[in-house]
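With the hints as extra help, turn the sequences into a complete structure.
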Amino acid sequence: MLLLLQYTLIFTSVLVLVALGGCISEHSGVINLGLEGIMVMGALGGALMMRAFGTESALLMVLAVILSAVVFGMAYSALLGVACINFKADQTLVGTALNLLGTAAATVLVKAINTASNPDNHSSEIEYVRARKMFIVNINGFEFNWFMLIAVLAVIGVAIMLYKTRFGLRLMACGEHPQAADSVGINVYKMRWAGVLLSGALGGLGGICYILAGVSLWKFENGVAGFGFLALAVMIFGQWNPVRISLAALLFGLFRALSNTYVGIPFLVSLNLPSNVYNMMPYIVSLVVLAFTSKTSRAPKAEGIPYDKSTR
Amino acid sequence: MKKLLKNSGVQAFIASIICIILGLLIGYIVLLFINPEGATESILNVIKNFFTFNRPKTQLKNFGNTLAKTMPLLMCSLSILFAYKVGLFNIGTAGQYVAGACASLYAALAWGWGWLPCMLFAIVAGALLGAIVGFLKAYCNVNEVISGIMLNWIALYLTNTLLSSVKEVASPYTLTLKNENPSALLPKAGLNELFNNDYITIAVPMALIIAIAVHILLTCTKLGYELKATGSNKNAAKYAGMAENRNIILTLAIAGGLAGLGAAMIFQSGYFRWECTQSSVPGMGFNGIAAAFLGGLNPIGSIFASFFIQHITDGGQYVNTNFYSSQISDLISSVIIYLCGFVLFIKLTMTKMVSRREEKAAQKQKTQGQKTQEQKTQEGGDK
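As given, the protein sequences belong to chains A and B, one line each in that order.
Using the numbering used here, the first residue of the first sequence is number 638, and each one after it goes up by one.
Using the numbering used here, the first residue of the second sequence is number 79, and each one after it goes up by one.
Don't read these hints as lab results, they were simulated from the structure.
Worth double-checking, as some hints may not be accurate.
[To be verified] Each computed SDA-like pair below joins lysine to any residue, with the alpha-carbon atoms no more than 20 Å apart: (1) B:K245 - A:V914; (2) B:K430 - B:A440; (3) A:K932 - B:K316; (4) A:K938 - B:K430; (5) A:K938 - B:G165; (6) A:K946 - B:K245.
If you're wondering where the values come from, they're calculated on a predicted model, not measured in any experiment.
Set out below in structure tokens:
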């Protein structure tokens with residue numbers, strides 16, 4: 638049971654971070670479907686840092702890995718920004734391209750690095766057993782991960798930023814009615830760039846958190862298994878509101894955790910279901926939840942529409 | 079020349095070529111970064127694919143392999159294109175392809191059906207999955223991209239579970255059709271001898287005909303018009319008396335059917351076998367996005383685009399694996415998809431360039447005309 642709680646909390650943290658990223662981006666008016674690719678890039682940044690940086694200090698390591706993941710995520714999300722804000726490209730298409738590119742680029746890169754250090758090694762895996770331990774504090778068998786704290790801080794931070802600061806309110810105005818925002822002197826392009834870059838930072842954080850969640854070796858060929866999209870489902874279920882998003886993430890996190898831990902729960906083992914059923918669970922739950930919540934969706938009104946100064 | 083540049087078909091073609099060249103260039107730069115030595119040879123091998131072999135017979139056989147895999151890719155790209163014309167981004171194509179594979183293999187191996195029923199069953203399975211996405215979109219306002227992705231993963235795990243009952247004992251692969259149920263293999267109609275390749279079946283002409291049929295359906299029929307009208311404005315279509323919800327579901331069902339059929343085409347040729355421990359959705363559906371957009375969202379264009387994408391995907395095998403990995407071709411095709419986002423901008427620039435030149439020419443004529451007139455008046459004054 639403790640294990641289930643631990644996995645639920647860590648997967649919830651991943652979903653919260655990524656969904657908040659999507660939430661900020663959509664409030665600024667850009668649909669970020671590339672979150673999956675951004676997660677992969679953030680994970681790559683963090684994993685490379687863990688591989689290269691040999692320090693004994695846990696604090697230094699945690700900070701370095703977080704910084705690296707954030708930088709990778711932001712740099713990668715800039716590709717979305719250029720295409721969708723400056724060149725008015727189709728946001729769905731570009732987001733999808735980023736997802737595919739993320740996995741492909743990470744695989745090529747990691748394989749090249751592995752082969753360079755050892756000519757016989759053609760795998761796309763990075764191993765980080767030692768570094769992972771630095772992220773974890775063991776409390777009576779419960780593995781507390783620093784990312785759980787970061788996720789809580791992120792929810793509070795984003796909620797305050799969106800609803801209580803001048804910047805946040807202006808950002809949301811750009812997603813609701815960019816022409817009106819522009820008419821009172823807000824630079825819509827700048828605000829949207831801010832939204833996209835922030836979502837890149839949070840997406841990158843979510844990515845590194847995901848690969849640190851349960852394992853100490855990651856195969857980059859597999860990407861992040863649709864987690865970026867699960868986060869988008871969480872965001873919709875949370876109605877683009879940071880606090881509700883965190884509650885929604887808890888539900889999804891629980892179902893995702895079940896697939897890792899159901900063998901330890903006697904009741905579920907006695908049902909004797911194939912393990913694929915548990916793998917499917919989060920996706921089925923999100924479909925059902927979306928079917929019931931999308932009708933009264935409160936999505937930002939101008940999301941997905943490239944801003945053109947000359948139209949009203 | 080100017081007229082040619084204004085033609086949207088020509089513009090689309092030029093834009094696609096630009097995307098391809100830039101995509102390959104970026105792939106080349108990545109290779110150079112990894113290891114400058116051998117990068118040129120490897121990128122050339124990606125472009126050459128089956129031409130890397132010397133003997134014409136081997137070339138032909140490998141050309142046949144690429145061609146056989148082009149057909150499911152073409153069907154996937156048609157699936158995406160068809161839905162996109164109706165304003166829907168059918169990323170669920172990947173899952174619909176998986177469902178088609180599941181249905182055709184299960185019917186062939188567990189029930190011993192013949193090739194045609196298996197194929198029809200695959201179409202139904204794909205269409206069903208598409209219809210679910212359509213239903214959720216039409217009646218529950220669920221974003222089709224998100225529900226599509228969710229169904230991709232559900233289809234993958236479901237297929238792994240179902241096909242585990244017809245897999246080989248010692249390996250994670252499904253049983254070979256050739257040994258278990260040869261009647262489920264698609265008829266070859268002599269095409270295999272033409273290409274010296276057993277995987278070339280009637281799927282090749284069939285897919286080409288379907289591409290043309292989709293083109294006709296979209297441009298020349300009432301149904302196609304109604305579907306496109308629903309895509310561009312759902313409310314206007316409703317006001318004009320069209321069943322807008324039915325149209326959305328129908329569109330995605332057809333798109334799903336196309337993807338399912340694509341899966342039947344390749345799995346029933348015996349080229350692929352399903353791996354029951356697969357942990358990621360097959361890339362065929364996602365490459366279809368590249369093919370659809372590279373083909374300028376035109377069914378005929380996507381025939382060539384599909385072949386090109388499959389060509390470089392297969393070419394990825396021939397890079398120097400001492401330094402590089404075959405995923406470089408995935409990287410190139412995803413860069414191409416990204417660049418396709420700029421197609422609108424490229425087209426706009428071309429139109430602007432042409433019209434600016436025309437404007438200049440017109441102005442020149444105007445000023446010349448004014449000058450002659452001035453000269454005339456001056457002449458008049460002198461007199």
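- Query: Among all the numbered hints in the text so far, which are the ones the structure does not match?
  - Reply: Violated: hints 4 and 6.
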